[in-house]
Amino acid sequence: MFAYGLSAAASTRVSNELGAGNPTRAKKAMEVTLKLSILLAITIVLVLALGHNLWAGLFSSSTTIIKEFAAMTPLLAISIFLDAVQGVISGLGSYNFQLEHSHLSQLLKIYLLH
Numbered sequence: 001m002f003a004y005g006l007s008a009a010a011s012t013r014v015s016n017e018l019g020a021g022n023p024t025r026a027k028k029a030m031e032v033t034l035k036l037s038i039l040l041a042i043t044i045v046l047v048l049a050l051g052h053n054l055w056a057g058l059f060s061s062s063t064t065i066i067k068e069f070a071a072m073t074p075l076l077a078i079s080i081f082l083d084a085v086q087g088v089i090s091g092l093g094s095y096n097f098q099l100e101h102s103h104l105s106q107l108l109k110i111y112l113l114h
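Numbering (UniProt numbering), first residue to last: 1 to 114.
Honestly, the hints are just simulated from the structure, not real lab data. Treat the hints loosely; a few may be bogus.
[Said to hold, decoys possible] Pair ranges (Cβ atoms, derived): (1) L54 to A8: 24 to 34 Å; (2) T43 to A71: 16 to 26 Å; (3) L39 to M72: 19 to 29 Å; (4) T12 to I78: 21 to 31 Å; (5) D83 to K28: 22 to 32 Å; (6) K67 to L46: 17 to 27 Å.
Note that beta-carbon positions come from the ideal geometry of N, C-alpha and C, so glycine has one too.
Sequences and hints are given; from them, build the entire structure.
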C-alpha cells in the first residue's frame with residue numbers, strides 16, 4: 001500500500017512539474033520516488049525473509065504451517081518487490097498515457113458533441 005501512496009504522490013508531483021515546463025525536475029521526482037519505493041520494498045522483504053519463522057509463529061504454533069510459510073517466503077518476497085516497483089511505474093505511466101492521447105480524446109469529444 002505504501003508503494004501505491006508513493007505512486008499517487010509522484011503522479012501529482014510529476015504532473016505539476018510537467019505543467020510548469022520542467023521535464024528534468026519531473027524525471028528527477030520519478031527517479032526519487034522509484035528509489036524510495038525500492039528501498040521500502042527491500043526493507044519489507046528483508047524483515048520478512050529474516051523473520052519468517054517469527055511472523056508465522058505469531059499466528060500459529062503448528063510446525064507444519066511454519067514450514068509451509070517458510071517455503072512460500074521467497075515467492076512472497078519477489079511479489080512484494082515487484083508490486084512496489086509496478087505500483088510506481090504504473091502510476092506514472094498512466095499519466096504519460098493520458099498526456100499522449102489527450103489530443104485524440106479531445107478530437108473525439110468535439111466530433112461526438114457537434
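May I ask which of the numbered hints given earlier this structure violates, with the numbers listed in increasing order? No numbers; nothing is violated.
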